[in-house]
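Number of protein chains: 2
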Amino acid sequence: MSTTRRTPRARPETLAKRTEILRAATATFGAKGYARGPLTEIADQVGITHAGILHHFGSKDQLLVEVLKFRDRTDVEGLQDQRMPDGLDRFRHLVRTAFANESRHGIVQAYAVLSAESVTEDHPGRAYFEERYRTLRQDLRDAFEDVCAERGITAPATVDRAAASILAVMDGLQVQWLLARDDVELGEASAFAIEALVAATLDPRPPVLGEPGAAPGDHDAAAGS
Amino acid sequence: MSTTRRTPRARPETLAKRTEILRAATATFGAKGYARGPLTEIADQVGITHAGILHHFGSKDQLLVEVLKFRDRTDVEGLQDQRMPDGLDRFRHLVRTAFANESRHGIVQAYAVLSAESVTEDHPGRAYFEERYRTLRQDLRDAFEDVCAERGITAPATVDRAAASILAVMDGLQVQWLLARDDVELGEASAFAIEALVAATLDPRPPVLGEPGAAPGDHDAAAGS
DNA sequence: GGGAGGTTACTACACTGTCAGTAAGTGAAT
DNA sequence: ATTCACTTACTGACAGTGTAGTAACCTCCC
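Protein sequences, first through last, are from chains P and Z. Sequence positions in the first sequence follow our numbering and run -17 to 207. Sequence positions in the second sequence follow our numbering and run -17 to 207.
Misleading hints may appear alongside valid ones.
Any copy will do: because identical chains look the same in the list, a pair fits if it lies in one copy or spans two.
No farther apart than 27 Å at their CA atoms in a straight line, the calculated lysine-lysine pairs in the DSS-like style are these [as the list claims (entries may be wrong)]:
(1) K51 with K14
(2) K42 with K14
(3) K14 with K(-1)
Hints are computed from structural coordinates only; laboratory data are not their basis.
Work the whole structure out from these sequences, hints included.
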């Protein structure tokens, strides 16, 4: 936890190689998923053997964890000088990210595939994604609280749902976009949805569908339709 | 090849066994994903060997396709007497489904895992999910058009984005719910989001975030945050 | 010269798919 | 109603492949 600097001496060359491996692993896990992404394919991309990869990362599981951490690290570097925006800017930032993602197919796919795969039995990435979503939801709740405080209104109880929904819609749109890039506009659709969800949270309107006492006990059967 | 399977004679016993296999396969693929869901585990559940499974379905790929088709078949049976609702009821139906899904963990997980996995290279389920989402989006677009026609308004250009977003938010919430069932209320959050997206589509308001000419060309780097 | 960054060679599995064979039907014709 | 020709529903053994991990050895650089 504390000083996880497992490799004491980091020669610059070595560090570069490791980064190269992490990038290659992202590509392979993105293209084939973790379960079907062989170490040999990753090794080929960086011109070594699969045993060389294991020399650096110990195990495939560990490699996945490092890949995930690596992404977070570089993401933060992307806006190192400017702090993560807060208030409404936090949501604008999400929209910008969605547009930017349209030209980052590989990473989008890696995250989409790995996050869903992580819910399976004994998946090495599970803890990472649990933590990630928990943090992001908290993050967005905070942004909502900020905006409400600024406006002198009390944050509604729906901020929980809104925070989860915003992340959800971004993820879900990514999957649809990956399956049909001609039919789904990732950036535009995300912008629309985030706008709608933020508006509904900050300035609620009477329900269109009528929900309050809606009986959940329903003998209905359509998994995702 | 040579002695191909000519639509095997459907003895009632056999059909029952096949259904049993499909159910077991759903469980295994749900729990472990397709890539990591071995035929032997499915076979064990129904008391035969993995070769027996292959006798019925020819290949693992084919089994997956049948599993997916099977789900659709049973889903439709669930509301055979009453047609799929249209207009606003279509959206209410989605909300009810989301609540119902809270007690159908296994199927939800199977769909969440398999849909994301399907975007990977040469995945046997890809065509199915492409088709599924295309159909569902069209379905929701139609529902929007109906409501707009009823109200004598012209459907806005955002119906495309809204349709994709509604499906997206449902899927995305499922993943978060599977990762943290105590923190995410699948039904309630889906209800909130669908309500918000339908309202924003049918009765648009001025933007809170301000988007029109927002420059997409942004040197930003946060994959999913 | 000692350790970091590899390699080759190998072990040990975990799976999928094939194949030959068997037992239990099925459906005429006898 | 029994026999004969054939099919269905498997089993058990195994081939083949893909793959993670290990061990021993090489080979530079500091």
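For each hint, the structure was consulted:
Taking the closest pair of Cα atoms, K51 and K14 come within 27 Å of each other both inside a single copy (19 Å) and across two copies (23 Å). For the homomeric pair K42 and K14, the shortest alpha-carbon distances inside one copy (14 Å) and between copies (17 Å) are both at most 27 Å. Taking identical chains as interchangeable, the C-alpha atoms of K14 and K(-1) lie at most 27 Å apart only when both belong to the same chain, with a minimum of 22 Å there against 32 Å between chains.
Comparing the model with each earlier hint shows no violations; every hint is respected.
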